[in-house]
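Based on the sequences and whatever the hints tell you, model everything.
Protein chains: 2
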Amino acid sequence: MQIPKPYLLFLGDVRDALAVKMARGILTWRPEACVGQLRLDDQTPSLGIDDLPLEAGRERGAQTLVVGTANAGGKLPEHWVDTLEQAIELGYNVASGMHQRLAAIPRLADAAKRQGVKLFDIRHDAPALEVGNGKRRSGRRVLSVGLDCAVGKMFSALALEAELKSRGEKADFRATGQSGILIQGEGIAVDAVVADFISGAAEYISPANDADHWDLVEGQGSLFHPSYAGVSLGLLHGAQPDFLVMCHELGRPHVRHLPHIQLPSYAACVERNLANARTTNPDVVLAGFSINTSNVDEAQARAHLAEIEAEFGVPATDPVRFGVGPLIDHLIERTR
Amino acid sequence: MQIPKPYLLFLGDVRDALAVKMARGILTWRPEACVGQLRLDDQTPSLGIDDLPLEAGRERGAQTLVVGTANAGGKLPEHWVDTLEQAIELGYNVASGMHQRLAAIPRLADAAKRQGVKLFDIRHDAPALEVGNGKRRSGRRVLSVGLDCAVGKMFSALALEAELKSRGEKADFRATGQSGILIQGEGIAVDAVVADFISGAAEYISPANDADHWDLVEGQGSLFHPSYAGVSLGLLHGAQPDFLVMCHELGRPHVRHLPHIQLPSYAACVERNLANARTTNPDVVLAGFSINTSNVDEAQARAHLAEIEAEFGVPATDPVRFGVGPLIDHLIERTR
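If you read the sequences in order, they're chains A and B. Per full-length UniProt numbering, the very first residue in the first sequence carries number 1; after that it's consecutive. Per full-length UniProt numbering, the very first residue in the second sequence carries number 1; after that it's consecutive.
Errors might be hidden in some of the hints.
Since the list gives no way to pick one copy over another, a pair counts as held whenever it fits inside one copy or between any two copies.
Straight-line distance between alpha carbons at most 25 angstroms, and here's what the computed SDA-like set of lysine to any residue pairs gives [stated by the list, open to error]: (1) K135 <-> E249; (2) K75 <-> V194; (3) K135 <-> A150; (4) K135 <-> Q115; (5) K135 <-> S265; (6) K21 <-> T335; (7) K118 <-> I261.
For the record, the hints were derived by calculation from the structure and aren't laboratory data.
What follows is the structure in structure tokens.
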């Protein structure tokens with residue numbers, strides 16, 4: 001699965017900024033892949049890029065219309081389907097992260113067949129997978145892990161990729177969730193594969209590579225999250241990381257959505273991840289911390305990061321506030 | 001999903017004893033649920049029960065024809081489909097653990113619809129699941145865990161259920177794999193659910209129950225198996241066990257099918273399982289060991305079990321050679 005770029009970002013007629021978060025992520029990380037946005041009315045939040053009708057998007061070279069929104073229920077409103085059908089008639093491929101499959105909507109499936117374009121249901125499309133085999137692969141792998149869900153694992157991996165590339169290193173972000181897949185144009189939503197194939201999916205997206213090539217694998221969930229830990233462990237085994245980057249959001253009171261489940265300490269989370277990762281890569285080490293400190297002021301943030309560095313002896317940064325330079329310095333130093 | 005009993009066990013025309021292992025498991029654990037066997041020829045291994053044609057099976061009350069075999073490729077031979085169709089016409093439900101879905105074979109689906117009977121594709125049928133929530137549930141739960149795949153986790157859970165029932169305790173085996181589901185008539189193949197729902201599936205099959213009721217949850221895989229550990233961890237979190245029974249096969253040289261992956265020590269495996277289980281049940285303890293010692297003589301077996309008991313201070317037994325009485329004594333003692 002490789003989603004043809006560039007994209008026209010379809011925002012429908014959603015009303016709140018959170019609903020366009022996925023489209024905003026694509027624009028943030030792959031601005032060169034976004035020719036513009038398509039909003040169905042003026043009350044839809046703008047991403048600050050050109051509003052383009054479908055025809056104009058095609059003229060600017062757009063290959064794929066991306067449904068870059070999340071809505072409650074995950075179902076496509078009927079009038080959105082009208083727009084998608086028109087897009088297909090104009091030669092667009094369509095990509096969606098909705099639960100409802102594009103391919104299961106007959107008029108879209110028929111139109112796509114007629115036009116010879118592709119429908120990408122990124123939650124559901126996965127290649128035929130094998131179960132993981134745990135065999136060592138060449139190349140360098142960094143996996144972002146975390147104390148919880150939604151603590152910046154995708155952001156951190158993308159920031160590491162960008163910084164490595166800016167220093168002339170060979171590096172690829174490896175997407176394991178739907179936003180990441182839309183950003184990268186390929187990947188597998190590991191939480192949506194059949195349970196037996198979690199680690200196999202991680203092995204698939206991060207194959208053997210040049211010895212000096214970096215894979216930045218997007219982590220998912222947490223080993224301590226009772227809903228998703230199975231996905232996290234399979235991903236940890238399959239990604240076979242040489243380096244872990246521990247992610248967190250400062251000030252989170254408990255495991256997300258589960259007030260009865262306490263968060264682990266940094267030390268417990270590092271130890272548990274390293275211990276499990278050694279099953280497929282005995283040489284794995286902790287490379288540093290990537291902490292979202294937006295809940296505190298800069299002085300408090302620096303103090304917290306300094307405490308972590310003192311405890312673990314590796315760099316700790318906020319990737320938004322301070323960048324990931326210190327993590328990359330450390331990674332390059334350790335592989336020299 | 002509740003598969004109607006009793007069963008007629010369909011063995012097709014397989015040639016080796018291993019291929020009828022699933023049918024043999026059903027007969028071993030639920031002899032009262034098996035009215036007989038149906039073999040397509042005399043060279044098929046017999047389970048030692050009555051050979052019954054389809055009509056005679058129905059006369060003895062059989063409700064479901066169970067495809068109790070495994071074959072390479074997981075595909076139903078065409079002449080087996082003939083037999084299944086005849087069975088449906090006679091009013092049988094049909095249950096299968098094959099990869100190929102019964103419901104995807106048009107003539108079986110049509111016949112089932114016409115006759116008002118059900119097709120059970122036990123690898124694939126799962127109810128609509130929620131993600132796990134990790135909330136404590138009432139009742140007692142025992143989960144069989146292991147150093148590896150295929151070390152007797154299903155056998156141990158079934159043996160514990162049988163022994164508890166023989167002592168007048170309220171107990172239910174909770175099936176998480178296809179053989180277990182056929183034995184119990186219900187359950188979910190947790191390795192076949194969408195990865196996000198592993199722990200949710202475990203919560204579903206083992207709901208809140210009477211405070212003195214025992215759930216014996218069938219474990220899967222191992223936290224140390226690079227192919228399946230995600231399933232094992234999700235199951236561990238979702239099952240929320242109060243007690244773990246550690247299973248192993250004495251003399252296994254390495255992780256099954258993966259000569260490059262070492263087995264953990266008993267101590268490491270116990271520690272890792274307990275640490276992870278505490279996420280959803282801080283009170284979890286190790287209840288004992290269930291070891292397949294068939295590779296050594298009885299004196300060696302007793303010596304090995306005694307060593308384990310000395311190291312861990314809990315009973316260790318071979319459930320086939322010595323029964324699970326000591327484990328049940330210990331469980332009952334600890335809950336008195």
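Here is how each hint holds up against the structure:
1. In this homomeric assembly, K135 and E249 come within 25 angstroms of each other (Cα to Cα) only across copies, at 24 angstroms, whereas the closest approach inside a single copy is 33 angstroms.
2. In this assembly of identical chains, K75 and V194 lie within 25 angstroms of each other by CA distance both inside one copy and across copies; the values are 22 angstroms within and 19 angstroms between.
3. In this homomeric assembly, K135 and A150 come within 25 angstroms of each other (Cα to Cα) only across copies, at 21 angstroms, whereas the closest approach inside a single copy is 30 angstroms.
4. With identical chains, the CA atoms of K135 and Q115 are never at most 25 angstroms apart, being 42 angstroms at best within one copy and 50 angstroms at best between copies.
5. Proximity of K135 and S265 under a CA criterion of 25 angstroms is satisfied inter-copy only: 21 angstroms between copies versus 31 angstroms inside one chain copy.
6. Within a single copy, K21 and T335 get their C-alpha atoms no closer than 35 angstroms, and across copies no closer than 51 angstroms, so neither meets the 25 angstroms cut-off.
7. Taking CA atoms no more than 25 angstroms apart as the test, K118 paired with I261 passes in neither setting, with 42 angstroms inside one copy and 41 angstroms between copies.
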